[in-house]
Structures are given as C-alpha cells and as structure tokens.
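Residue numbers for the sequence shown follow the numbering used here, so the first one is 353 and each next one is one higher.
Wrong hints could be hidden among the right ones.
[Said to hold, decoys possible] Label pairs and their computed distance ranges (CB to CB):
| hint | residue 1 | residue 2 | range |
| --- | --- | --- | --- |
| 1 | Ala-700 | Arg-418 | 10 to 20 Å |
| 2 | Leu-481 | Arg-420 | 12 to 22 Å |
| 3 | Val-739 | Gly-523 | 10 to 20 Å |
| 4 | Leu-637 | Val-739 | 17 to 27 Å |
| 5 | Lys-364 | Ala-687 | 18 to 28 Å |
Honestly, the hints are just simulated from the structure, not real lab data.
If you're wondering where the values come from, they're calculated on a predicted model, not measured in any experiment.
Glycine residues also receive a C-beta, built at the ideal position from the N, C-alpha and C atoms.
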Amino acid sequence: MRTGVGDELRRKAAVYVAFAATGVALTIPGAVLPLLLRRWSMSDARGGLLLFCFYAVGSFGSYVARGRMNRSVARGSLVTIAGALFLGWAGRWSAYGAIAVYGLGLSLTMTSISLLLAQRFPADRRLELTRLNLIWAIGAALGPWVALRSTRMGVVSESQAIAHAQGVLVGVAVFFAVTAAWAMWVEESPASSAAERDAAAVSENRDAGKTEAASLRRKGTGKIPWSLLVLIFGATGVDAAAGGWLTSYAQRAGDSLGITIGAATFLWVGSLVSRVVHSTKWAALLPERAVLATSFVAMSAALALLVAWPQGIVTMMAAAVLGLAAGPVYPLVVAAALRHRENSTVFAIAGVGASVLPLLTGAVSTWRHSLRAGLGIPLAAAVVMMVVVALSRNTLRGRGESSTDALIG
Numbered sequence: 353m354r355t356g357v358g359d360e361l362r363r364k365a366a367v368y369v370a371f372a373a374t375g376v377a378l379t380i381p382g383a384v385l386p387l388l389l390r391r392w393s394m395s396d397a398r399g400g401l402l403l404f405c406f407y408a409v410g411s412f413g414s415y416v417a418r419g420r421m422n423r424s425v426a427r428g429s430l431v432t433i434a435g436a437l438f439l440g441w442a443g444r445w446s447a448y449g450a451i452a453v454y455g456l457g458l459s460l461t462m463t464s465i466s467l468l469l470a471q472r473f474p475a476d477r478r479l480e481l482t483r484l485n486l487i488w489a490i491g492a493a494l495g496p497w498v499a500l501r502s503t504r505m506g507v508v509s510e511s512q513a514i515a516h517a518q519g520v521l522v523g524v525a526v527f528f529a530v531t532a533a534w535a536m537w538v539e540e541s542p543a544s545s546a547a548e549r550d551a552a553a554v555s556e557n558r559d560a561g562k563t564e565a566a567s568l569r570r571k572g573t574g575k576i577p578w579s580l581l582v583l584i585f586g587a588t589g590v591d592a593a594a595g596g597w598l599t600s601y602a603q604r605a606g607d608s609l610g611i612t613i614g615a616a617t618f619l620w621v622g623s624l625v626s627r628v629v630h631s632t633k634w635a636a637l638l639p640e641r642a643v644l645a646t647s648f649v650a651m652s653a654a655l656a657l658l659v660a661w662p663q664g665i666v667t668m669m670a671a672a673v674l675g676l677a678a679g680p681v682y683p684l685v686v687a688a689a690l691r692h693r694e695n696s697t698v699f700a701i702a703g704v705g706a707s708v709l710p711l712l713t714g715a716v717s718t719w720r721h722s723l724r725a726g727l728g729i730p731l732a733a734a735v736v737m738m739v740v741v742a743l744s745r746n747t748l749r750g751r752g753e754s755s756t757d758a759l760i761g
C-alpha cells in the first residue's frame with residue numbers, strides 16, 4: 353500500500369513541477385520585456401506587438417493537444433525549447449516569430465499536462481485540476497524573481513542585458529528538455545487503479561441527470577449575452593496587459609530592483625491568494641454579481657493608483673490588490689457564459705482579449721510617449737467591466753440563487 357501511494361506521489365510530483373515551470377515560463381516575457389526592448393531598440397508599440405504575438409498564437413496551443421497526452425506534453429516542451437532558444441538569439445524582426453513559437457509551445461504543454469493528469473486520476477479530476485491551477489500561480493509568482501534576480505536594469509551594459517536574457521531563456525530550454533524526456537518515459541496509459549476508475553464512474557453517473565439538464569437548458573438558450581463576452585474579453589485582457597507591462601513600468605519609474613521584481617511578484621502572489629480563497633466551498637455560495645462588482649471596483653482602484661502614483665511601495669501594494677481582485681474574475685465569467693451555451697466562443701474571446709489589450713497598451717504608450725498613458729487602457733477596461741456588471745441583472749447569479757441552481761439553471 354505504501355509503495356502504491358509513494359508511486360502515485362512521485363507521478364504527481366513530476367507533473368506538478370512541470371506545471372509550475374509553465375507558470376514561471378509564461379511570466380518571463382513580461383519580466384524581461386525591458387531587456388528585450390533595449391536589445392532591439394524597440395518602441396512600446398513594437399513591445400505590445402511582441403506580447404500580442406505571444407498571447408494570440410499561444411491561444412491555439414489548446415486546440416492541438418491531441419493523441420496520447422504524454423507525447424503531447426513532449427511535443428509542447430520541444431516547441432517551447434525551440435521558441436526560447438529562437439527568442440534568445442532572434443533579431444529585431446524575427447523576434448515576433450520566436451515569441452509566437454514560445455507561446456504556442458507553452459500553451460500546448462499546459463493543456464496537455466492538464467489532460468494527462470485528468471486521465472491518470474479520474475476519480476480526483478476536479479481536485480487535481482484545482483491543484484494545478486494553484487501550482488501554476490505559484491510558478492507565476494516565482495517567474496519575475498527567476499528572470500530578474502541577477503540583473504540591475506538600467507545599470508548593466510547592453511551586452512550584459514542581452515547575456516542575462518539569453519541565460520534565462522537557455523534555463524527555460526534546459527528545463528523543458530528534461531520535461532520532454534520525462535514525458536516520453538512515463539507510461540502512455542492512465543495509471544489509475546480499478547478502484548479509481550470505479551469511483552469516477554459512480555461520480556459521473558451521480559451527476560448524469562444534472563449534466564443532461566444543464567445541456568438541455570444550454571441548447572434552449574441559444575447565445576451568450578454580449579455583457580458576458582465583454583467581461584471575458586476584459587478579464588483576460590487586463591491580466592495580460594498588467595502582467596506584460598508592469599515590470600517595464602516599475603523600472604521606468606526609477607524604482608529599485610527589489611521594487612521592480614516585487615511589483616510583478618506581488619501581482620501573481622495576490623492572484624494566488626485569491627484563487628485559494630475562491631476555491632473554497634463557502635466562496636462558491638457568494639453571489640456572482642457581488643463578487644464581480646467588488647473585484648472590478650478594486651481592479652479599477654488599483655490601476656488608477658498605479659497610474660497616479662508610480663513609485664516604490666505604492667506600486668507593489670497596488671499590484672497586490674490588482675492580483676487579489678483579478679483572481680476570481682475569469683473563472684466566474686466563463687462559468688456564467690457556459691451556463692448559456694457551451695462552445696468554443698468563450699475561449700476564443702478570452703484569447704482575443706489577452707492579445708489585444710497588451711497591444712493597445714504599447715501603442716498608446718508610444719503615441720503619448722508615456723507608459724503611464726498606456727496603462728490607461730487596462731484601467732479603462734476595468735471601468736467598463738464595472739459598468740457592465742452594474743447593468744447585467746439577468747446574466748449573473750444573484751443573492752437568492754444557490755451555486756447548484758446556477759449550474760443547472
């Protein structure tokens with residue numbers, strides 16, 4: 353028995369470490385963006401285009417995660433390796449293709465790891481996917497520190513900055529090479545026991561009636577309300593714009609290296625804490641409109657504080673509040689949209705938001721010669737979402753509805 357438990361823990365541990373690494377790797381482009389812009393003498397508009405390529409092409413990774421998931425993990429890792437090395441030695445124009453390949457590889461790897469774990473432990477599928485979400489956030493919180501701890505932006509020479517960024521990306525490539533080797537070595541078939549499979553079957557049969565009812569109601573509704581599509585677009589867009597540009601913003605404000613790293617780290621730590629809180633049963637009973645309204649007010653206030661007072665500890669605190677507020681938004685609005693209709697539109701809109709708002713942030717920054725002005729884009733998006741929630745009285749779960757009713761109603 354102990355041997356079986358030990359083997360299970362070892363299988364899970366490898367998956368958890370690999371998934372945490374995707375969190376680290378996904379935050380690296382935003383963390384090293386100041387170094388990359390300096391290296392290629394790029395404007396903020398071109399930096400925004402880099403982030404656009406990263407998120408837009410990366411969104412397609414989830415659509416190509418097919419076949420045996422261990423091999424799909426290996427394919428995603430190999431694509432990530434190619435993108436990381438390509439990005440480290442790319443030129444000014446080839447950088448766009450390099451960062452797109454990097455994003456595609458990470459998206460494929462993350463999707464494949466999620467499916468692999470769900471297949472291996474079907475009885476604990478929901479719990480394991482929740483754990484993966486939290487573990488990814490831990491990796492994301494570590495990403496800025498990993499990327500920037502040994503550099504002093506604004507002090508190092510251009511050659512030192514280039515060497516540092518290349519070293520970080522080589523480190524990413526080495527780790528994902530190990531991940532690819534591990535993925536090809538693990539068993540191809542799910543490792544769940546007969547007891548696990550039986551438990552999963554019982555759980556699925558128990559929920560069959562609710563699932564069928566939910567499916568019938570979704571088919572009868574027809575389309576997703578425009579208000580939810582706006583919220584999905586804005587939720588991923590604000591996350592991507594803030595995460596992508598915060599390091600550059602703190603560095604240009606003249607903050608110390610500790611503040612620069614801390615601002616990005618606090619953003620993801622806030623998101624991590626928020627995800628932990630909102631993964632509890634009592635949080636699921638809170639009214640959606642109340643949670644989203646509070647979140648968007650806090651997001652707007654945090655972004656306004658960043659724009660109005662870009663200095664020192666204020667930047668770190670505003671980043672932490674922004675992360676705390678943003679944490680529950682995307683899962684809530686996606687769940688609300690899928691109650692109306694279950695299709696890929698939701699995720700397509702999310703991908704568009706994540707790629708467009710960082711692009712617009714960079715474009716406005718170049719136009720106004722100020723990244724403070726550029727951050728007005730995610731601030732405006734947060735304010736728009738706040739207004740949309742206030743007007744969305746029939747599309748979100750209210751105070752009188754239970755969580756179960758919302759899932760089937």
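Hint check:
no. : hint                           : result
1   : Ala-700 to Arg-418: 10 to 20 Å : holds (18 Å)
2   : Leu-481 to Arg-420: 12 to 22 Å : holds (19 Å)
3   : Val-739 to Gly-523: 10 to 20 Å : violated (43 Å)
4   : Leu-637 to Val-739: 17 to 27 Å : holds (26 Å)
5   : Lys-364 to Ala-687: 18 to 28 Å : holds (26 Å)
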